[in-house]
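Construct the entire structure; sequences and hints are all you get.
Chains A and B, in that order, give the protein sequences. Using our numbering, you'd call the opening residue of the first sequence number 5 and step up by one each time. Using our numbering, you'd call the opening residue of the second sequence number 147 and step up by one each time.
Any given hint might turn out to be false.
[As the list claims (entries may be wrong)] Partial list, derived from the structure: chain B residues whose beta carbon lies under 8 Å from chain A:
#1 A187
#2 S195
#3 F207
Simulated from the structure, these hints should not be mistaken for laboratory data. From a predicted model like this one, the values you see are computed outputs, not experimental measurements. The beta carbon of each residue, even a glycine, is placed where N, CA and C say it ideally should be.
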Amino acid sequence: MNDEFLHALRRDPPPAFARELKRRLDRVHARRGARFTFGRALLAMLLVGGVAMAAVLLLRNRDEVTREAAPIVHAVVPRPAATVPQSTATPQPGRPVTATDPAESPPTQEPAAEDPRSAFAVSRLARPIAQALVEDSNILSRAGSRVVVMDDAEALQAVCINAAFAMVSRRITEQELIQCWRRHVDVAEWMLGYQAVVLTAGPTAQPAALKPREIFLALARRIPDPAQPERLIDNPNMTWHDVDSRFDYRGIDVMMPSDAVTRALFVQLIMEPGCDTYLWLRALKQVNRQRYDDVCHQLRNDERLHEVELVSTTITQQLWAEPNWLVVLAFRDYELNSTKLLGTMLDGPVPTRASLSDGTYPAARPVYVYDQRQRIVTNYSYRSLVYGLTDRYTVGARQGLVRLDEPSRQEVPPSIPPALESLKPAGADK
Amino acid sequence: MDWPAPGAADWDALYAEHLPRIYNYFRFRLAAEADVEDLTARVFEKAWSARSRYRRDVAAFSTWLYRIAQNVGVDYLRSRRTHAPLEDAVEVIADGTPEADAERRSDLARLAALTASLPDRERDLIALRYGAGLSNRAIAPLVGLSESNVGTILHRTVQALRSRW
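Below, the structure is given as structure tokens:
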């Protein structure tokens with residue numbers, strides 16, 4: 005028995021059967037064609053009627069929303085009687101929120117002012133999660149919502165004005181909350197979980213405590229010239245010893261999963277902090293974001309960085325075969341395989357849910373969602389969206405979101421010292 | 147070959163190309179020759195009625211058609227199992243010695259007797275490779291294996307069958 009013998013066992017179908025089947029198929033086609041013509045006419049009628057109804061409903065809805073939203077945005081808000089204390093919050097990266105009364109601010113400076121109702125203000129890091137949410141949500145899709153990327157501070161300011169939601173990578177500060185209250189807007193807060201990425205290696209690799217700057221110098225496409233740091237050169241580093249003399253001559257070999265989410269997390273959570281250790285690059289973030297991204301987000305494309313498809317054998321076989329290679333993993337993948345991995349190669353504690361929660365693991369950021377509390381109370385669509393957001397299984401898992409336990413994801417009041425409670429808008433807790 | 151634009155001529159070509167392949171896929175896949183025509187017809191009717199839903203950007207036409215054939219085959223085997231467990235069939239087949247069987251059965255029936263004891267995946271691979279005449283590359287996405295894995299498993303399976311022929 006061989007291939008030829010097996011192929012020779014084939015025979016043609018009986019001609020009568022072939023003819024009869026063809027005739028049956030042609031009949032099915034003819035019937036379906038007739039049904040299709042009728043169906044198409046019916047569909048066209050329904051479409052025309054549907055579009056007309058949708059237009060009427062949309063116009064009515066827009067009027068109602070405008071009436072509801074206008075007092076929040078444009079009302080002249082009196083200054084609170086109490087003196088607003090200076091914020092004690094820690095400085096945040098990005099443009100700081102000014103402490104001026106919103107009534108004095110020119111409207112053109114308000115973020116997302118072009119069509120704030122449909123804007124979903126998000127930080128760069130949270131963008132994939134928000135994008136997935138908008139695409140999955142019928143409510144947002146119908147409303148024509150779009151994701152607008154902003155700094156955390158801008159996003160939090162936008163939600164206090166009229167953005168649909170804000171999804172940011174840090175908690176709102178006292179000062180930002182007070183700014184909202186000055187607009188007679190109280191915000192509700194949810195913590196969805198964390199975004200985290202891990203740089204690790206196989207169990208037999210030599211442990212290392214790499215700093216973000218060293219990882220940046222090892223993996224960026226262009227790095228500052230050691231002799232003249234304000235000048236960029238193509239990355240010449242081939243071994244970890246080239247990066248820093250405290251390392252041995254081990255070659256720089258890092259496996260990077262081909263999925264865009266993990267790559268984006270790595271770039272923003274590890275490469276950016278490394279890049280920011282150069283002051284002139286850090287300053288670039290404020291004045292020329294495009295150029296900053298070009299320098300700090302571009303990974304080298306030579307043989308030192310190995311783009312891999314993450315499959316079951318990546319960890320068990322490829323890392324076993326190349327014990328000195330490092331691998332970048334989304335936290336979820338790391339957590340599933342942590343027993344077969346060395347741990348983190350980043351300087352700092354081992355990534356665990358505990359070290360994510362207490363903020364000690366450096367390559368992790370929380371994901372917070374904010375919205376106007378009154379809108380959630382009065383608007384069914386927003387309330388439905390909140391339920392969708394906090395649903396453990398529907399949003400974010402594929403975008404690298406590490407969900408927390410159920411109680412942690414409930415709505416929590418922003419933490420405000422009791423002395424500031426008097427500034428809270430009346431009825432805000434309802 | 148991809149799904150053509152709607153038109154009788156293209157459908158004729160596809161039908162002519164794939165009818166013998168699907169027909170022989172079922173001949174190799176099932177021991178019961180009597181049901182082969184019925185199952186072949188079922189595959190084409192399903193494909194034809196779902197023609198408007200076929201998306202060429204998702205899969206090639208052949209992949210789509212053989213996926214339907216696989217599902218039809220699985221449904222058939224499942225329904226048959228409720229009447230007579232597959233294990234029983236193997237026992238019935240194993241009653242006679244291979245030499246005695248060889249005198250009574252045609253080559254295909256004898257092959258079916260031998261493949262009855264194989265795992266389902268191997269039987270499907272044999273049917274796709276030698277019945278439908280697909281290449282290892284075309285088979286790979288249908289069974290969720292790599293092209294080289296398909297080749298390796300087929301090689302081992304044919305060797306095992308040869309040793310028992």
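Consistency of the hints with the structure:
For B:A187, the interface hint holds, since its Cβ comes within 8 Å of a Cβ in chain A; the closest pair sits about 5 Å apart. Of the supplied interface hints, the one on B:S195 holds, with its beta-carbon coming within about 6 Å of a beta-carbon of chain A, less than 8 Å. Interface hint at B:F207: violated, since its Cβ lies 15 Å from the closest Cβ of chain A, which is beyond the 8 Å cut-off.
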